[in-house]
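Undergrad: Numbering-wise (this note's numbering), the sequence shown opens with residue 2 and increments by one.
Possibly wrong hints are sitting among the right ones.
Stated by the list, open to error - Calculated lysine-lysine pairs in the DSSO-like style (CA-CA distance at most 27 Å, straight line):
1. 78 x 157
2. 120 x 210
3. 15 x 120
Unchecked claim - Estimated spans, in silico, between C-beta atoms of each pair:
4. 167 x 14: 12 to 22 Å
5. 49 x 200: 19 to 29 Å
6. 14 x 136: 30 to 40 Å
7. 182 x 119: 31 to 41 Å
8. 113 x 24: 21 to 31 Å
9. 222 x 171: 30 to 40 Å
10. 119 x 8: 38 to 48 Å
11. 8 x 48: 39 to 49 Å
12. 183 x 112: 42 to 52 Å
13. 119 x 13: 33 to 43 Å
14. 18 x 218: 16 to 26 Å
15. 75 x 171: 20 to 30 Å
16. 39 x 8: 42 to 52 Å
17. 11 x 75: 20 to 30 Å
Hints are computed from structural coordinates only; laboratory data are not their basis.
Ideal Cβ positions, reconstructed from N, Cα and C, are used throughout, including at glycine.
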Amino acid sequence: MLLPAMNKAREAAKRTQCTNNLKHIGLAIFMYADDNNGCIQTRYYESTTNYFPQVLGGSACGGTAPYDKSAYLTNWKLYFCTNKMTYENKGVDAGNTKYQSYAIIHPSNPNWGNVSVSKFHANIQPGKGWTATMVIPNLPSPSEFILIADSAVVGKTHGYSHFRTDTLMESDTGGIGINHADKANTLHGDGHVSAQSAREMRNGFMEIKEFVGTDLTLVSMP
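From just these sequences and the hints, can you work out the full model?
TA: Structure, rendered in structure tokens:
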């Protein structure tokens with residue numbers, strides 16, 4: 002009976018660490034937004050694509066000015082949950098954070114319900130890939146809005162940098178991962194972190210339809 006108890010304790014510790022990671026990321030996002038008229042670049046293209054960890058870590062575009070001034074969260078280990086991913090100390094650069102990162106809502110996400118994505122997220126560099134700015138004060142229903150979540154990729158031991166509400170990404174294999182038993186940790190638009198099941202997220206404000214399950218297979222919610 003000792004082993005199951007130890008496994009539960011280990012999982013609880015990982016869930017708590019993941020929750021703390023997301024709280025740190027949330028704080029960094031709100032600090033960045035406060036210093037930039039309520040906005041944050043969630044994805045930036047300049048020769049190569051830079052993801053939100055580079056933006057928050059001050060290393061976008063190789064850490065050149067003015068991106069070196071945005072070093073709000075530089076501890077690379079805080080950008081993803083180790084419960085499902087294998088940590089590799091390669092540093093915060095685009096080649097790594099695309100696959101070793103929590104997932105943030107993608108700028109190409111379609112409208113859903115009565116929500117118009119263009120009210121809070123815009124592609125600011127058409128023709129240069131998805132370079133986007135999110136306007137934090139414009140997030141609809143912030144306490145219910147999932148800004149960032151656990152991520153996973155079908156059949157892999159790494160995550161993915163973005164999620165969509167309608168389908169998985171990266172050739173339909175990457176998105177929100179149910180990484181903690183039957184739930185995913187999620188950072189909301191008001192800064193709080195919660196643990197939600199796939200059913201709760203499907204029935205919730207975001208109406209998310211597809212996930213990566215604990216066994217790293219596709220979970221599709223009707």
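Undergrad: The structure should be examined with respect to each hint, and the outcome stated for every one.
TA: Verification of the supplied hints:
This hinted pair checks out: residue 78 and residue 157 have alpha carbons roughly 19 Å apart, not beyond 27 Å. Restraint check: the Cα-Cα separation between residue 120 and residue 210 comes to about 22 Å, which is no more than 27 Å; the hinted pair holds. Restraint check for residue 15 and residue 120: the C-alpha separation of about 35 Å exceeds 27 Å, so the hint is violated. For the hinted restraint 12 to 22 Å between residue 167 and residue 14, the CB-CB distance of approximately 34 Å leaves it violated.
Residue 49 and residue 200 have their C-beta atoms about 38 Å apart, which leaves the hinted 19 to 29 Å range violated. The given range of 30 to 40 Å is respected by residue 14 and residue 136, whose C-beta atoms sit roughly 36 Å from each other. Range check, residue 182 to residue 119: about 36 Å between beta-carbon atoms, so the 31 to 41 Å window is met. Take residue 113 and residue 24: their Cβ atoms lie about 26 Å apart, and the range 21 to 31 Å holds.
A hinted range of 30 to 40 Å for the beta carbons of residue 222 and residue 171 is inconsistent with their spacing of about 19 Å. For residue 119 paired with residue 8, a C-beta distance near 45 Å keeps the hint of 38 to 48 Å intact. Separated by about 45 Å at the C-beta atoms, residue 8 and residue 48 satisfy the suggested range of 39 to 49 Å. Between residue 183 and residue 112 the C-beta distance comes to about 29 Å, which lies outside the given range of 42 to 52 Å.
Look at residue 119 against residue 13: about 40 Å separates their beta carbons, and that is inside 33 to 43 Å. Hint check: residue 18 to residue 218, Cβ distance near 25 Å, so the stated range 16 to 26 Å holds. Residue 75 and residue 171 have their C-beta atoms about 26 Å apart, which keeps the hinted 20 to 30 Å range intact. Our hint of 42 to 52 Å for residue 39 and residue 8 holds, since their Cβ atoms are close to 43 Å apart.
In this structure, residue 11 and residue 75 meet the distance hint of 20 to 30 Å, their C-beta atoms being roughly 28 Å apart.
Hint compliance for this structure: hints 3, 4, 5, 9 and 12 are not met, and every other hint is.
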